[in-house]
Amino acid sequence: MSQNLEIRRSSASVLGSLSGIRSVPTVSKYIDTTTCIGCKACEAACIEWNDLRHIATEQTGTYQTLPTLHAEFWNLIRFNERDFDGGIAWLMRKDQCMHCDEPGCLAACPAPGAIVQYANGIVDVNPDQCIGCGYCHTGCPFDVPRFHQTTGKMAKCTLCVDRVEVGLEPACIKACPTGCLQFGTKDDMVAMGLKRVDQLKATGFQSAALYNPQGVGGTGVVTVLAHGDHPEWYGLPRDPHVPLLVRFWKSVLRPLGVVAILGAVIGAFGHFTKYGRKQVEGSEDEGTNLPRLTRQ
Amino acid sequence: MAAYQRPRPVDQAVIAAQTQENIVVGNEIIRSNRASRLIHWTVAVLFFLCLFTGMPIWTPVFGWMAAFFGGLSVCRVIHPWAGVVFFLASAVMFVHWFADMSLDSSEREWIGWRLPMRYMRYETDDSNVGKYNGGQKLQFWLVCLAALGMLLSGLLMWFPGVFPRFLMELGYLIHDITFILFAMLIVIHIYLGTVAEPGTLVSMTRGTVTKRWARLHHGRWYREVTGQEPDRG
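Taken in sequence, the protein lines are chains A and B. Residue 455 in the working numbering is what sits at position 6 of the first sequence, and the numbering runs on without skipping anything. Residue 458 in the working numbering is what sits at position 217 of the second sequence, and the numbering runs on without skipping anything.
No lab work stands behind these hints: they were computed from the structure. Please read these numbers as outputs of a predicted model, since none were measured by experiment. Heads up, the beta-carbon is just placed ideally off N, CA and C, and yes, glycines get one too. Please note that the accuracy of each hint is not assured.
[Stated by the list, open to error] If we take Cβ atoms under 8 Å as the criterion, some of the chain A residues that face chain B in the derived model are: (1) Trp498; (2) Pro686; (3) Pro689; (4) Trp698; (5) Val701; (6) Leu702; (7) Ile710; (8) Arg726.
[To be verified] In the EDC-like style, the derived pairs of lysine to aspartate or glutamate whose C-alpha atoms are separated by at most 16 Å in a straight line are: (9) B:Lys372 / B:Asp345; (10) A:Lys723 / B:Glu348; (11) B:Lys372 / B:Glu348; (12) B:Lys452 / B:Glu262; (13) B:Lys452 / B:Glu465; (14) A:Lys623 / A:Glu492; (15) A:Lys602 / A:Glu681; (16) A:Lys727 / B:Glu262; (17) A:Lys650 / A:Asp611; (18) A:Lys727 / B:Glu465; (19) B:Lys372 / B:Asp252; (20) A:Lys723 / B:Glu364; (21) B:Lys452 / B:Glu348; (22) A:Lys727 / B:Glu364; (23) A:Lys602 / A:Glu618; (24) A:Lys623 / A:Asp611; (25) A:Lys727 / B:Asp367; (26) B:Lys372 / B:Glu410.
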């Protein structure tokens, strides 16, 4: 399915550009952490498709490539080790932009059009408009956007919007050998995830769950967790939402500030009409203060 | 044959105002020497540079301001550096003026609501006011405090992804609230210094005020400078 890229939401703008004429389904990635084998094919595919620079890996004491996401590394398989009764287990997780339905990055962004949410739900940074202020990083509940030291702009997973718009699946999905990564409409992916959760429950993982947090309106990346009651074991926030302070700052403080400053200007005009100037009756202050020249 | 050269007219007050303050020249009193005026306008120009590069980043309502600097991304580069220079200039201003600006016990009332309001209604008796009234002193301290607040919060905001989230959020909050109060303060400052109290602006351009102005606004300073009791104003 090729998709047109109308814009649903745009940062620092009142409206997106959604005409509403064509209806486009919201797309989503499906990640089954229980069948991930940690092969990192998705990491390699991401670097290749997006032409990212190969950066030096870092030893973290596990097989994990880097300690955290990087401006040139948008897709990181996290090898979370956890002790269970039967021994140690890897709780794999694909760390990347979650493409929230209500993106905190977009809410925090001050540059018009620098972060957009397309009609299909993909959240993308537009480097043309990005000013590299990093507000999106503060707005993100998943700690995803990264500042690129060379370009001075923010970078993150695009959900391969350039592939999706021509009917291809994202590069990471294409490369996955086990099928633990899938791509499709959000509805299909959620249905697939719930089915997988039922399977897991039947095989003894009673607390299996689909991670699709509603605090951010759901995410464009749904994740099957065998231990759904402990998302923090995977490094996922239990109840992510756009930081309250970002909302307060953008929705309350900023409009109040504009009104207060313009109010001060209007107040000065009002003061002048009521009280006028403070000067001595018949003052010639204005006149006599002009430069007067005296001959030496 | 050498052409007749007219003697160059000399403005005694302007010459005196280069280095001296608080002296009478003719019908005028020197209020701000060149150093005072230079530091005032340096801080002021940097303030407006920060203001006009910061407001388009603050809200798209003022996005049009960015065009004067070459776009929002240019503002993002200029703003933090201008902010640092603004702070340094404010620090020099602090050193230059702080000795004159301590609020004495009778001026503590300015920290509040009633006295500033009475002042704005022109109900205060200023015959006992020294060189700077309590409002001006308060303005000075608020500007210095704001410069510090803007710097500290601005440093946090300058470098994305370096500081922990709660510090960033705190930085945004302090930068925003300080800015809003600062901008309102400057609106009042400019209004009083130009439109509302005629003769005041000249003290920051030419450096002089009229005796009449000094008697009206700063009675005690007038007596100290002229060594005489004020006559009918």
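Now the hints, each set against the structure:
1. Trp498: This hint is violated: Trp498 (chain A) lies away from chain B, its Cβ roughly 24 Å from the closest one there, beyond 8 Å.
2. Pro686: It is violated, given that the least Cβ distance between Pro686 (chain A) and chain B is near 12 Å, above 8 Å.
3. Pro689: violated (13 Å)
4. Trp698: holds (6 Å)
5. Val701: violated (10 Å)
6. Leu702: Because about 5 Å separates Leu702 (chain A) from the closest Cβ in chain B, which is inside the 8 Å limit, the hint holds.
7. Ile710: Check passed: Cβ of Ile710 (chain A) comes within 5 Å of chain B, closer than 8 Å.
8. Arg726: Holds, because the Cβ-Cβ distance from Arg726 (chain A) to chain B comes to roughly 6 Å (cut-off 8 Å).
9. B:Lys372 / B:Asp345: holds (13 Å)
10. A:Lys723 / B:Glu348: violated (26 Å)
11. B:Lys372 / B:Glu348: holds (13 Å)
12. B:Lys452 / B:Glu262: holds (14 Å)
13. B:Lys452 / B:Glu465: This hinted pair holds, its Cα atoms lying about 12 Å apart.
14. A:Lys623 / A:Glu492: Holds - the C-alpha atoms of Glu492 (chain A) and Lys623 (chain A) are around 11 Å apart, at most 16 Å.
15. A:Lys602 / A:Glu681: violated (30 Å)
16. A:Lys727 / B:Glu262: violated (24 Å)
17. A:Lys650 / A:Asp611: With a Cα-Cα distance of about 37 Å, the restraint between Lys650 (chain A) and Asp611 (chain A) is violated, given a limit of 16 Å.
18. A:Lys727 / B:Glu465: This hinted pair is violated, its Cα atoms lying about 22 Å apart.
19. B:Lys372 / B:Asp252: violated (24 Å)
20. A:Lys723 / B:Glu364: holds (14 Å)
21. B:Lys452 / B:Glu348: Violated: Lys452 (chain B) and Glu348 (chain B) sit about 24 Å apart, past 16 Å.
22. A:Lys727 / B:Glu364: holds (10 Å)
23. A:Lys602 / A:Glu618: violated (26 Å)
24. A:Lys623 / A:Asp611: Between Lys623 (chain A) and Asp611 (chain A) the Cα gap is close to 14 Å, so the pair holds against 16 Å.
25. A:Lys727 / B:Asp367: holds (12 Å)
26. B:Lys372 / B:Glu410: Judged against 16 Å, a Cα distance of about 41 Å means the pair is violated.
Of the hints listed earlier, those the structure fails to meet are numbers 1, 2, 3, 5, 10, 15, 16, 17, 18, 19, 21, 23 and 26, in rising order.
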